[in-house]
Amino acid sequence: MKKVYIQGAGSISSQKTFDNSEFLDEISVYNDTVISVVNPNYKEYIPPAAARRMAKGIKMGVVASRIAMQEANVEQVDAIITGTGMGCVVDSEKFVSAIIDNNEEFLTPTSFIQSTHNTVGGQIALGMGCKGYNFTYVHASNSFESALLDAKMQLELGEASSILVGGVDELGAHTIKIHRLIDHIKENAVTPATLLDSKSSGSVFSEGANFFVLGNALSERCYAEVVSVEMYNTLPLENLEETVEAFLKDNNLSTEEIDVVVMGNNGDVAYDNYYNHISSALFSETQHVYYKHLCGEFNTASSFGMWLGAKILKTQQIPEIVKLNETKASAIKHILLYNQYRGENHSLSLLKKC
Amino acid sequence: MSDLKQELKEKIIEQLNLEDVAVEEIGDNDALFGDGLGLDSIDALELIVMLDKDYGIKLSDPKEGRKIFESVEVMANYISEHRTK
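Those sequence lines, one after another, are chains H and Y. The opening position of the first sequence corresponds to residue 1 in my numbering, with each subsequent residue numbered one higher. The opening position of the second sequence corresponds to residue 1001 in my numbering, with each subsequent residue numbered one higher.
Treat the hints with care, since some could be wrong.
Just the calculated beta-carbon pair ranges, DEER-fashion [stated by the list, open to error]: (1) Thr194(H) with Ser1002(Y): 36 to 44 Å; (2) Met1001(Y) with Glu44(H): 35 to 43 Å; (3) Ser1002(Y) with Leu181(H): 41 to 49 Å; (4) Lys1063(Y) with Ser219(H): 52 to 60 Å; (5) Glu1007(Y) with Leu107(H): 20 to 28 Å; (6) Ile178(H) with Thr1084(Y): 33 to 41 Å.
For the record, the hints were derived by calculation from the structure and aren't laboratory data. Glycine residues also receive a C-beta, built at the ideal position from the N, C-alpha and C atoms.
Work out the full structure: start from the sequences and follow the hints.
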């Protein structure tokens, strides 16, 4: 099977990650329970006539994909595969609110047209004139990994040679409101420094878009090789250890050969024990890295984790702000990414230095 | 009438998300579609809903919109004559 490399990356997050010349050099510190992205100048990438109907999620996705393609130095791809948990939720909220407010009359077309989950993938394709395979996966916090797995399999089997794949989710006012009601958002404000020590339930909700150009061709520009992706809808804590070991064994690796573990801790006292468990049981001698104190929690936040892992492998540097323990990896060859949300939709992804 | 024209320009900008357009940039007789403001068929549907919701004017035939939405001046005249609210 052919190998799959990350050839370009574009990230729009609650940090200034859209500038690929930087690597978390300056940190945006918040003291909140819901955080928004640091916006690039969208007008530099999207013509005003096209942008006027785009909600923030679409703009984020379009611009993150442009940045990834510019970096990969490609103008066209064979396929566009998007992962999103909530889709274009702002326009969905607008449309549904209009139905209620106007007693099912006076429904306008724009928010309806733009409200579907696959609008982001569609707009990216329209922008570059891509008529190839275009698919959007909506699998809660496994949405991005589902898209990544599809892209990986197509590239390995030679069905495509270059694929744009990414995860995108936007914040919507009503969505925030209902997640507060069910205590999925933290009650009290936290900062990046206090997130993991908050000892409270819920997480800091956020939004973001992380896109990658994946391809078979290896060049100096490449970030990393995508070796493996696995998802587990349900995974009891007592089975986690053996599942991770089996995943590594399938890839002919042992826990000692993992140089860095990138974990999706979000400070939820009820569910961070999954991360704590594999940290102590399997990777007590390995360097641990986390990222949701920087980008917040959203269904495709793990795409930020992949951006971080890819950057670490390419630069062989780990910013201080993401270090979770004192262990230091001397050379970084293999990175394991582990994510889950509220004890469900676990994922393990393996990246390797090119 | 000038108040209505001002109101229409503000509504067009707001409801059609014309972020880069100011009220004073829309002339009373400027074409709204085509080479003028560059509106398209989706905008036409938005304007039809606006006429219904804000002025009580129901357009049974969307083709009527072609004439009515020619310019702010034409729209204001039509609304003045047909409005029910």
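Evaluated hints:
Hint check: Thr194(H) to Ser1002(Y), Cβ distance near 57 Å, so the stated range 36 to 44 Å is violated. Distance hint check for Met1001(Y) and Glu44(H): the Cβ-Cβ separation is about 41 Å, which falls inside the suggested range of 35 to 43 Å. In this structure the hint that Ser1002(Y) and Leu181(H) lie 41 to 49 Å apart at CB holds, the actual value being about 47 Å. Our hint of 52 to 60 Å for Lys1063(Y) and Ser219(H) holds, since their Cβ atoms are close to 55 Å apart.
The given range of 20 to 28 Å is respected by Glu1007(Y) and Leu107(H), whose C-beta atoms sit roughly 22 Å from each other. For Ile178(H) and Thr1084(Y), the Cβ-Cβ distance of about 38 Å falls inside the hinted range of 33 to 41 Å, so the restraint holds.
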